[in-house]
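**Q** Position chains B and C against the provided structure of chain A, taking the given hints into account.
These protein sequences, in sequence, are chains A, B and C.
Per this note's numbering: the first sequence = residues 1 to 391.
Per this note's numbering: the second sequence = residues 392 to 548.
Per this note's numbering: the third sequence = residues 549 to 791.
If you're looking for bench data, these hints aren't it; they were derived computationally from the structure.
Heads up, some of the hints might be wrong.
[Unchecked claim] In the DMTMM-like style, the derived pairs of lysine to aspartate or glutamate whose C-alpha atoms are separated by at most 20 angstroms in a straight line are:
#	chain 1	residue 1	chain 2	residue 2
1	C	K732	B	E452
2	A	K47	A	E123
3	C	K716	B	D488
4	C	K656	B	E509
5	B	K493	B	D460
6	B	K425	A	E76
7	C	K641	C	D612
8	C	K717	B	E440
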Amino acid sequence: MEGFMYPNEVELQWSILIVLYPFLTGLVAGAFILASLERVFRVEEVKPTYRLALLTALAFLIVAPLPLQLHLGHPERSLEMYLTPHRSSAMAMFGFVYLWYLMVVLVVEIWLDYRRDIVRLAESSRGVKGLFYRILALGSYNVSPAALRIDDRVGWIITLIGIPSAFLLHGYVGFIFGSVKANPWWSTPLMPVVFLFSAMVSGIALVLLVYMLTCAMRHVAIDMRCLDTIAKYLFYTFVIDFALEMLDLIHRIYEADESFRSLDFMVHTRLFYSQILIQIFLGTLAPLALLSLTQLITFSVAARRRIYAISAALTLVGIFAMRWNVVIGGQLFSKSFLGYTSYKVEFITREGLLSAVALMILPFAILYVLIKILPPWQEKHPVVAEAQGDD
Amino acid sequence: MGEFKDIAHLIRLAGVFLIGLILFLVFRSVTIPKSFGRYGPFRGAALVELSSRPLAFAGHEACENCHPDVAELKAKGVHKSINCESCHGPLAKHADDPGNIKPVLPDVAQLCIRCHSENIAKPAGFPQVNVKEHFAGQACNTCHKPHSPGFDAGGKK
Amino acid sequence: MILNRRQILLLLPAAAVAWDFVLADNPEGSPNYKMSDHWWGMLVDITKCIGCGSCVRACAMENDVPEGYFRTWIERYHVSDWHIENPQVDSPKGGMDGFPPGKTENGKNFFVPKMCNQCVDSPCSQVCPVGATFHTPDGVVLVDYDYCLGCRYCIQACPYGCRFFHPKKHTADKCTLCYHRITKGLTTACCEACPTGARQLADLKNPNDPIHAFLKTHTVQVLKPHLATGSKLFYNSLDGSVR
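This is chain A alone, in the form it adopts within the complex:
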C-alpha cells in the first residue's frame, strides 16, 4: 500500500474473475453482432460463419455466469436475484437481460435456424442420440417449405430484436461500472458505449480465429472473401472503439478534475504494463496498424491469413487487458485520491489464476460439443460419418 487509503479499501473486492466476466459477455455480444450482419444486413460474404458465430456466442454465454458464481460470498443465494430483484440495481436487472438474451434470442434463434437439421437427425438417429434430437425438435417434424419459410421469417425478427438485445447485454455490463458515482475511473456515460464497441471488436476477432481454426481442423479451404469481410468489419469497429477510448482519455486529461492526478499516477505506475504496453500498444495500435495495412495494400492470401490471425489474437489480448484495466484499475487507487494498493493474483484459490484459465478454456470445450451436436456445416464431413459409426 502506498500513500493513504481508507482502511477498508486496501483489499480488492473484485478479482480476476470479475475481469473475465465482462470479457466473456463481450465476446457473446460481438459474435452475435457478426452473425446478425448476415441475417439482417444481408452481408452475404460472412455467411460461412453465421452458424459458427451463433454457437460461439452460446458457448460463451453458458460459461459467463460461472466466474460470478465462483466470486460470490454465497453462491447458493444467487437465485435471490431472480426472486427478489431490486429494481434500482443494474446488476439485478442484468440477470433478466441475460436470461432474455440466452433463452429468447440465442436459443430460439439457433433452434429456428437448425430445425431442419434437428428434424433430420431426429429421424435418422437411434437410441439415446435419437431421443435427444426428438426432444430438441419438441416432437414436431414439419419441415415443409411453408414451415421453413415461417421459421426464416420468425428467425429474422428474432435476430432483429437480438441486435439491440446484444447491445443491452453488454451495454448493461458497462452501465454496472459506469453508474458508480463513487468511482471516478468507472463513472462516465461513455462506459457502456466503450464496453459495447470493445465487445464487438473482441467478438469479431474471436469468430475470425475460430473460423480459421475450424477450417484448419477440417482441412477445408478458408473462404477468403468471408475472411476479408470479417477483417474489414473488425477494422471499422476497432477504429470506432479506439476513437471512443481516446475521447475518454483526452476528456479526462483536459478537465483534470480532483481525481485526475491520482488516476494519472496510477496509470503510469500500477497500470503501466497492462494499460500502456499491452492494451494500447500491443492490443490496439498494433492490430489497427496491421489491419489498416491490409486495407491499403494488397497482400497474398497466405500473408493476409497471417496478418488477420495475429491481429485478431492481439485484439483479444488487448480487450482482455482493457477489462483488467477497468475492473482492477478501478480498485487500485483510493477514493481519497491519496493512495494506492496492489493486486496479487492468487493461483489455486477459488478466485485465482487457475480458475480463470479453466473458465477461459471451458467455452471452447462447450463449443466443441455444440459443433458435434449441431454441425454448422452443410457438406459431408467426418462428423457425419462418426455419428453413424459410434452410437
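**A** Relative to the frame of chain A, chains B and C by itself:
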C-alpha cells in the same frame, strides 16, 4: 401466418416457455421469505435479528444505578463527561450478573496515555503531557485519581 | 355487543390485517420502540476529537468486528500551509491504538473520525441486487447477513469506504449505528466510549435533540456533498482538505 400445421412447432415452443414461466412463478411464491416487503424492499425479519444482538456495553446509566458514589465523585471533576465503560471497557455482562462476573481493572498507564500523551493533532486546549518528562516510570494514579483527576491551585487534590 | 358467528368471521381477517399494521412499526425485538418516531443521524465534532481510538475499540468489541476491518476509524490530517488539496493523512490500524507523534512543522493537524454516513439516498442500497442492504424506516442503513449474496457491489458503490467484506460471514458488513442499542434507548458504542463527546448520536426527528440547536449555531459539513448521498453524518468544523 399460414396453416396451423406449419406453425405447430412454434406453438410448442411458446408452450415450453409458458410452462417455464409458470414453474418459475410457483417456485418464487414458495421460496420468497415471508417477511419480505413488510417494511420495504427487504426481508422484514432482518430488522428483528439486527435489533436483537446482545449488548457488550451496558451504558453509563446501568453503572450509575449500582455505583452512585463513584458517579457523584466523577460528576464533580474534569472527567465528568466520560462514561464509565470508556475506561473500564464493556461491562454489560457484569451489569447483568454483578456477583459472579467481575470487571478487570484497566492498566492505568496504558489508559491514561492514550488520551493524554501529547500529539500535534489534538485540540489545543486539551490537557496533554509528554509522558517521558511527566513523572516517567510512575503510574499515573500515583498522583491522579482517575475518577477525579484534577489538582487545585495549591497542588492539593 | 354480542357478535354472531358471521360477524366474527368477517371481522377476524380485518383484525388480522389491522394487527399486522400495528405490529409493523415495531421490530419485535424492541417492544417499546416505534420506528416512525425516529430518524437517526450522528454529529461529530472535529474540535473535540483527540484521536484516542476509544470509539474504534468500543465498536470492535460491541459488534465483533474482525481484525483488520473497520466499521469506524480515525484519520489524522496534516495540512501544510495553503495546500488543502494535498493533505497528508494517516490512520495506523484505523486509529485503534491511538496515533504516534506527528509532524510539527508549519501546518495544521486534526483528527477526523469516519464511519457509515447513514445516507438518505445511499448509493449502496441503490445497487444491491437483492435488497440485502436497505434503509430502515427510522433512517438506518443495514445489511441482512442472511440474505446478502456477497457480490460486493455495495462496497464498490460506497464513496466513503465504510463497507468491507466480512471474512467469516462472507457478506458485506458495515456500521449498523448499533441498531441493537439505539432501539433500546441506549446510545451507540462509539458515542458511549468517546471521552470528549466528539461523537454524539442524533435523533433528527426528536425536536428536543440538541443537534437542532447545534446545527443552527455551528459551521457544519458532510463528506463529499457533491455526490448528493444525503449523508446524515454531520461534522462540526470539517476542514476543506478532508477527503
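**Q** Hint by hint, say whether it matches the structure.
**A** Hints versus structure:
1. K732/C to E452/B: holds (13 angstroms)
2. K47/A to E123/A: Violated, at roughly 27 angstroms.
3. K716/C to D488/B: violated (30 angstroms)
4. K656/C to E509/B: holds (15 angstroms)
5. K493/B to D460/B: Status holds; Cα separation ~18 angstroms.
6. K425/B to E76/A: holds (19 angstroms)
7. K641/C to D612/C: holds (16 angstroms)
8. K717/C to E440/B: Between K717/C and E440/B the Cα gap is close to 15 angstroms, so the pair holds against 20 angstroms.
Hints 2 and 3 from the earlier list are contradicted by this structure; the remaining hints agree with it.
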